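2 protein chains.
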Amino acid sequence: MRKVIIGLSGGMDSTTLLAILLSLKYEVHCCSFIYGSKHGKWELKAATDVVAYYKEKKQPVFHHIIDLTTSFANFDSALLLTGGPIPEGHYETESMKQTVVPGRNLIFGAIMAGLAESIDAKEIALGVHSGDHAIYPDCRPKFIDSMRDTILLSSGGKVNVIAPFIKNDKSNILYKGYYGCTIKVPYYLTRTCYKDQEFSCGKCGSCVERLEAFQKISIKDPIKYEN
Amino acid sequence: MRKVIIGLSGGMDSTTLLAILLSLKYEVHCCSFIYGSKHGKWELKAATDVVAYYKEKKQPVFHHIIDLTTSFANFDSALLLTGGPIPEGHYETESMKQTVVPGRNLIFGAIMAGLAESIDAKEIALGVHSGDHAIYPDCRPKFIDSMRDTILLSSGGKVNVIAPFIKNDKSNILYKGYYGCTIKVPYYLTRTCYKDQEFSCGKCGSCVERLEAFQKISIKDPIKYEN
Numbered sequence: 001m002r003k004v005i006i007g008l009s010g011g012m013d014s015t016t017l018l019a020i021l022l023s024l025k026y027e028v029h030c031c032s033f034i035y036g037s038k039h040g041k042w043e044l045k046a047a048t049d050v051v052a053y054y055k056e057k058k059q060p061v062f063h064h065i066i067d068l069t070t071s072f073a074n075f076d077s078a079l080l081l082t083g084g085p086i087p088e089g090h091y092e093t094e095s096m097k098q099t100v101v102p103g104r105n106l107i108f109g110a111i112m113a114g115l116a117e118s119i120d121a122k123e124i125a126l127g128v129h130s131g132d133h134a135i136y137p138d139c140r141p142k143f144i145d146s147m148r149d150t151i152l153l154s155s156g157g158k159v160n161v162i163a164p165f166i167k168n169d170k171s172n173i174l175y176k177g178y179y180g181c182t183i184k185v186p187y188y189l190t191r192t193c194y195k196d197q198e199f200s201c202g203k204c205g206s207c208v209e210r211l212e213a214f215q216k217i218s219i220k221d222p223i224k225y226e227n
Numbered sequence: 228m229r230k231v232i233i234g235l236s237g238g239m240d241s242t243t244l245l246a247i248l249l250s251l252k253y254e255v256h257c258c259s260f261i262y263g264s265k266h267g268k269w270e271l272k273a274a275t276d277v278v279a280y281y282k283e284k285k286q287p288v289f290h291h292i293i294d295l296t297t298s299f300a301n302f303d304s305a306l307l308l309t310g311g312p313i314p315e316g317h318y319e320t321e322s323m324k325q326t327v328v329p330g331r332n333l334i335f336g337a338i339m340a341g342l343a344e345s346i347d348a349k350e351i352a353l354g355v356h357s358g359d360h361a362i363y364p365d366c367r368p369k370f371i372d373s374m375r376d377t378i379l380l381s382s383g384g385k386v387n388v389i390a391p392f393i394k395n396d397k398s399n400i401l402y403k404g405y406y407g408c409t410i411k412v413p414y415y416l417t418r419t420c421y422k423d424q425e426f427s428c429g430k431c432g433s434c435v436e437r438l439e440a441f442q443k444i445s446i447k448d449p450i451k452y453e454n
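Just so you know, the sequences run in chain order L and Y.
Going by my numbering, the first sequence opens with residue 1, and the numbers climb by one from there.
Going by my numbering, the second sequence opens with residue 228, and the numbers climb by one from there.
Certain hints may be false.
What the hints assert, rightly or not - Across the chosen pairs, the derived CB separations fall in these ranges:
no., chain 1, residue 1, chain 2, residue 2, range
1, Y, D423, L, A52, 34 to 40 angstroms
2, L, A52, Y, K230, 51 to 57 angstroms
3, L, S95, Y, I410, 39 to 45 angstroms
4, Y, Q325, L, P141, 32 to 38 angstroms
5, L, E212, Y, E254, 53 to 59 angstroms
6, L, T69, Y, D372, 30 to 36 angstroms
7, L, N74, Y, Y406, 31 to 37 angstroms
8, L, P141, Y, Y406, 46 to 52 angstroms
9, L, K122, Y, K369, 43 to 49 angstroms
10, L, T69, Y, K230, 21 to 27 angstroms
11, Y, K394, L, L24, 26 to 32 angstroms
12, Y, K230, L, I219, 47 to 53 angstroms
13, L, E212, Y, F289, 42 to 48 angstroms
Claimed, not checked - Under the rule of at most 30 angstroms between Cα atoms (straight-line distance), these lysine-lysine pairs were calculated in the DSS-like manner:
no., chain 1, residue 1, chain 2, residue 2
14, Y, K369, L, K167
15, Y, K272, Y, K252
16, Y, K430, Y, K324
17, Y, K324, L, K3
The set of hints was computed from the structure by calculation and includes no laboratory data.
In this text the structure is predicted, and so the values were computed from the model without any measurement.
Ideal Cβ positions, reconstructed from N, Cα and C, are used throughout, including at glycine.
If we strip away everything but chain L, and leave its shape as in the complex, we get:
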C-alpha cells in the first residue's frame, strides 16, 4: 500500500485532504503538531476525533502527535499563546498578518519529509490553498515549489511534495470534499477558528473564510458557532 504523510490540523482543508487520499487508497500518516497556538488544544481534539472516525471505519490511517512547544517558545505571532490578541475581520486585511507564524510550514514540512523517508513514504501532502497566499508567504506556490526542490535534495530524491489544493480556494475544497471523493468527510468534527474557546467565534479571519466557503456551495456549516 502506497504511503503518504499529511499535516492534519483538524481543520476542513486537511480533513478533506485526508479523505481524498483515503479515497485514492493511500495509507495515510497524519502529523498533528503542538506548537503553542491559542487554538491548539481544540485543533488537536478535532484532529484526534477525525482520526478516530476513520479508524472506526477501518481506514488505513495513523496519527503522529508531535510536540514542538520548545521549538516555537520564542516565536513571535498573535496566533501563539505568547502573542497578542487574534484580530477579527476578513482574511485579506492588514491586521491578519499578525497571525503569521514564522516558518511554520517549512518546519512542519521538514519533519514530515524526514518521517516520510524513514517509513518509506514517497510523498508528503500539504493542504495549503489559494486563500492563504495573500497573508502567508509559506503557503504561496513559489515557496511550495522551492520546498519541494529542497526536500528532494535533502532526501536524495526519495521524497516529493504535493499540494493538491494550491490553486483552489476553500469553496473548491469543500466542493471536492462533498462531491469529489468516495469517502465521506466528517466536517462536523472539524475546527477552523483561531480563538481559544470551545465554540468557534465566527468572527476571526479563519472563521469568516470558512463560513463564506460553505455559503458559496450552499451547504450549512455543520459545526456550532458561539452566536
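Based on these hints, arrange chain Y on the given structure of chain L.
For chain Y alone, kept in the frame of chain L given last:
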C-alpha cells in the same frame, strides 16, 4: 548588535563557528536540539559547557534548548537510540550511511529560520563542511543553496542562510579556530563522538575524522579518549 542564529551541537565545528561569529561582534543565539540521538546527552552537556564558558567571559551568547524527541520518534537512523549500532571506521565507507538522520538539517534550519524571523536576526549560520558531503545529502552545497532559497521565500526575504565552512574540511576549521579568530575556542569542552559513553571512542567515523584533523594541523586533541 547584529544577531545570528546557529545550531550548536557542542562539537568542534559549531563551537568554532560560534567563536568566529563572536569575534565578528555578533550577538549569537545558539540552538541545541534534543532529538533522541545516542550521543545526545553528551552533546548537550558539551554545548551547555561551551555556552557557560562564553557567558563567563561576558560574551553576547544565548542558548535555546529545543526538544524534538516526538518529532524524531519514528525516524530511522543508527544515530538514534531507536536504531541499530553505530558503525566504526572511516567516514567515507558505505556503512557510515546508516548514521544519516533523514532531513535533520532541514528540520534544524527551518526552526532556526523561524526563530531568526521572530527575534529579528537576519541570518542563520550552519557549521556544515566538505567532509560531510559524501555521506549526508543535507550537507551538500546544492542542498544548502536550495534551503537558502526556500527560507528566503518562507520569510519574505527576511532571513538568509550562511554556511562559512561549506568548502572547508575539519582541519581547515581547526586552523581557523586556532589562528583565525580573536576569541579562543575551548576545544577541550567539545564533543564529537557518536557513541553513548562518557569518553569518546576514537573509532567511529566522527572520532576518526576529528583525530585526523588535529593530526593534520599538528596539535594534540585536548579531549579524553577511552583508549
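Verification of the supplied hints:
no., hint, verdict
1, Y:D423 to L:A52: 34 to 40 angstroms, "holds (37 angstroms)"
2, L:A52 to Y:K230: 51 to 57 angstroms, "violated (44 angstroms)"
3, L:S95 to Y:I410: 39 to 45 angstroms, "holds (44 angstroms)"
4, Y:Q325 to L:P141: 32 to 38 angstroms, "holds (37 angstroms)"
5, L:E212 to Y:E254: 53 to 59 angstroms, "violated (45 angstroms)"
6, L:T69 to Y:D372: 30 to 36 angstroms, "holds (32 angstroms)"
7, L:N74 to Y:Y406: 31 to 37 angstroms, "holds (35 angstroms)"
8, L:P141 to Y:Y406: 46 to 52 angstroms, "holds (47 angstroms)"
9, L:K122 to Y:K369: 43 to 49 angstroms, "violated (21 angstroms)"
10, L:T69 to Y:K230: 21 to 27 angstroms, "holds (23 angstroms)"
11, Y:K394 to L:L24: 26 to 32 angstroms, "violated (45 angstroms)"
12, Y:K230 to L:I219: 47 to 53 angstroms, "holds (49 angstroms)"
13, L:E212 to Y:F289: 42 to 48 angstroms, "holds (43 angstroms)"
14, Y:K369 to L:K167, "holds (29 angstroms)"
15, Y:K272 to Y:K252, "holds (25 angstroms)"
16, Y:K430 to Y:K324, "holds (16 angstroms)"
17, Y:K324 to L:K3, "holds (24 angstroms)"
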